[in-house]
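Sequence order for the protein chains is A and B.
Numbered according to the working numbering, the first sequence spans residues 3 to 116.
Numbered according to the working numbering, the second sequence spans residues 840 to 951.
Since no wrong hints were added, every one of them can be taken at face value.
For each label pair, taking beta carbons as the anchor points, the in silico distance ranges come out as: (1) B:E909 / A:P16: 46 to 54 Å; (2) A:S51 / B:P878: 23 to 31 Å; (3) A:R61 / B:A841: 19 to 27 Å; (4) A:L82 / B:K908: 39 to 47 Å; (5) A:G18 / B:S921: 41 to 49 Å; (6) A:N57 / B:G879: 28 to 36 Å; (7) B:I851 / A:S83: 29 to 37 Å; (8) A:D59 / B:R947: 29 to 37 Å; (9) B:T861 / A:G18: 41 to 49 Å; (10) A:Y53 / B:D895: 28 to 36 Å; (11) A:D79 / B:E918: 45 to 53 Å.
Chain A is nowhere near these chain B residues, computed Cβ spacing over 12 Å in every case: (12) N846; (13) P847; (14) T852; (15) G902.
Just so you know, these hints were derived from the structure itself, not from any lab.
Glycine included, each C-beta is placed from N, C-alpha and C at the ideal position.
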Amino acid sequence: RKEVEQDPGPFNVPEGATVAFNCTYSNSASQSFFWYRQDCRKEPKLLMSVYSSGNEDGRFTAQLNRASQYISLLIRDSKLSDSATYLCAVNMYQANQAGTALIFGKGTTLSVSS
Amino acid sequence: EAQVTQNPRYLITVTGKKLTVTCSQNMNHEYMSWYRQDPGLGLRQIYYSMNVEVTDKGDVPEGYKVSRKEKRNFPLILESPSPNQTSLYFCASKQEVRDTQYFGPGTRLTVL
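This is chain A alone, in the form it adopts within the complex (with noise of 0.2 Å):
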């Protein structure tokens, strides 16, 4: 099983719609979790933190469901602007590090339409 798992998409919706990505994660101790938004081309981008109770933040909402490993990320009434690839990513113990690193999915990609 791959460590940090996406759905690689495409999305593609219409301007307004609501779009959910799910991400999943192997290793169970894991300790913290974040959403990165990346532009064609352009640097990753952190978009929102991942807390136990959930956060939202305007149209965007994150949750972390511990028992069955993963993440969500929801997106409400998209806009053009939305158009992106989305990123999660998850700190892990990996055994070749003195410690935790942080280990990307390989991305949703997102097209919102008008």
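Since chain A is already given, all that's left is putting chain B on it; use the hints.
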């Protein structure tokens, strides 16, 4: 402004010609990393450093070297670049291991 900078942003070179990609952060972060990003493979960590003079291999270290002589700088060195090192490279930093990371703008490297 808090940021991670990389130079050069774009580089085309030939096989075997040594090159260095610089990375600098102004946030006094202890932890720095280098990643490469390739289509279908996502972000893969090359090397990381937990503090000055402390570096270690990530998932794909072959063909790369790094150094951390100062806290703010973490250069990536390709002693003898090969075409399979053509990629988009990102430097990143964070204060503590469990924190989120801040990425530099990326360096697009082409090795002919």
